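Got chain A; can you put chain B on it based on the hints?
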Amino acid sequence: MVTSAMTPLASSLNERLRRGKLQLPPLPGAAVQLMELSQKANVDAAQLSQVIHQDQTLAGRVLQIANAGSFRGVSEIVSLQQAVARLGSNLITELACAASLQSAFRSPAHADRMSRIGRYSMASALFAKEVARAGRRNVELAFLCGLMHNLGEATVLYILGKKRGIPSEALQACIDELQGEAGLAVAKTWRLPQPVQAAICFFPHPEDAPEGLAEPAATAALSHYLARRLFDPDGCVPTTEAPGLDILNLYPDEVEAALDQREKIREAVAAMEAS
Amino acid sequence: MKRVELLVIGSGPAGLQAALEGARAGARVAIVERERRVGGECLHRGTIPSKSLRETAVQLSRARRGLIIPPVYLDEATEVASLVGGLEKVVSGHSTVLRDELMHAGVEAIHGRARFVSPHRLAIAHVRGGETLIEAAKIVVAVGSRPRMPPQVPIDHENILDSDSIFSMTYLPRSLTVLGGGVIASEWASTFSALGVHVTMIDRNERPMSFLDPELSTAFIQAFEATGSQYLHERSIERVWWDGASEVVTKLADGTEVRSRKLLCAFGRRANVDQLELAAAGVELHATGHLATDAYGRTNVPHIYCAGDAAGPPALASTGQHQGRQAARHALGLAPSAPFEQVPMGIFTIPELASVGLDEATARAKHGDVIVGRAEILDSARGRIRRAEGGFIKLVADGRGRRLLGAQIAGPLATELIATAQLALVHEMPIDGWVDQVFCFPTMAEAFILAARDVIYQRPALSAAAE
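Chains as they are written, first to last, in this note's numbering: chain A, 16 to 290; chain B, 144 to 610.
Isolated chain A (complex conformation) (with noise of 0.2 angstroms):
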């Protein structure tokens, strides 16, 4: 929507989207089927090994990643089966998801901010587990929803990615205003389930979701919350202040015991980087 309070960048970028001449980043192959495949309860190590195999860069990160640190056991992982094996279909398949889609978004001109979005994107992601498991919900949804509630930020980078020297509160504002709407062109692009269609649109402010939509958003907006009280904790409003809490009816001593994952989130967003 164009408002007359909106910056000529932003009110010209959102032009260009409703009439589709932006270009929108491409879905990775491998990611609509590690999608498809985080959901599903059957998976073996073999049909997971030949989706990563498709996009040869995908599979080298994700033996990366294995190895890291955090994943590392006594001897080297060599083959993505190897891997499975060792740390679970689940966590592979996560951990290829987000690589996957974290190479779509190219952004020459704001790498660091990028960089920044992948780092928030997994440990959303993380976090969404976890508020998924105090509330029994679905944990590999709401893994989803984490990964890509910032896909509207990430997608206004990529489109920019090309133009520097934009000030930063130029930036940041072009952001804001943009974030829902490019967020949702990518979202239905790609074809993305409806509450992670919702997270993306709907986590700042998940109040305003459509019923039954609610509370994928309201765990997106927690779950990036605590992914930055894991990061940037100055200037975080206190716990009883989080948002989403009404909709997901978790009280404060719940939201902690979902920080206490912090350390471990901590090392598997540091790998992931390290790759």
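In short, the hints are calculated from the structure, not lab data. Quick caveat: nothing in here was measured; it's all calculated off a predicted structure.
Okay, the calculated beta carbon distance ranges per label pair:
#1 B:F354 / A:P41: 57 to 67 angstroms
#2 B:L566 / A:E51: 47 to 57 angstroms
#3 A:K279 / B:V260: 29 to 39 angstroms
C-beta: ideal position from N, C-alpha, C; glycine also.
What follows is chain B alone, placed relative to chain A:
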């Protein structure tokens, strides 16, 4: 500080009935619910969602038997959510009805998590922080239960699930191990089995739901195993683990290993009292983890009652409702409404199982001679039209064959049919009263008349005359 005559903690079937009964008696009543909406686990996570999925399973199993053309088979990629379309509307609609009922009754509903600070005073914590103090002359604890987490079963809610998280699975698994032989284990096992999942049920007892008439549990096992699933009885679990790749492994004490894609641990439930700080009120827990109560639902602290799952087995919605009502009545000095024996038990397995009053063994132990009248569901025209797979009605009468002592039913709509026997029992209808009735034709209720006639034909005088 707020003050009420009756404070009910928990708004599931037991809590709701306690609150409504208290309001009906003219007391000032408040009800505290930790979830956003009233209705308890029963409405939001348990009974209603599981019965919605079961309904689909029943339709599918009928279709597979060629009763609906063409038969429908589900593949592994079937989303569980797609099998319970409209569930959110059912849940929110029913929750609204319950909320309105409380409102009309004048019961104040408070959203928050309760904990005792003294025998008569509770602090209600809110999601956004802060607490409200409330004082009550009488208190009914109806906080429900949560799944037990045995140490040898590492529940992760991803591959190794409990009865609260089983419904969060996205896709139907190819195979499922169910640990336990209680009502919850049996209901989920038969639902997934009817959906085409290969289910292995592992139980330490000789038969599932051992509190039921053995004929009922036998009917369940026969139908369950006919779908290709398996019931392993008198086995104990040594260890459960996720193999890290694709399967959950269950190692039994006899060395057997059972592998499945997912596992449901339904080894009973414990009272949901962890955050209630019962010690501040002096309330004692039974060794089983439930609140110990007397016949009126009173705990060791006379003004504090307990009803529903938190009070222990049988932990059914119907028994919870009865307990809630009785607890409120006793707390407010009113006479009990109906004896516990007249509360029906309904088990939503496939086939459904239901019981009211005494079963055959209990009746024999209590009254000596009894006469049991039987009729097969297929003996009724409607049973044949439905092409029911087995099922029966069993009427237990006194030794003279005059008075009804109880009834047990297995088969389609057993939990509906039992209401007829319940009313007969409550209003002391003689056995001949059944035969004098005309039921709609064709209905399965006609099987009651056949069962009653069977009792009459076995009466001592008639038996002697026949000889």
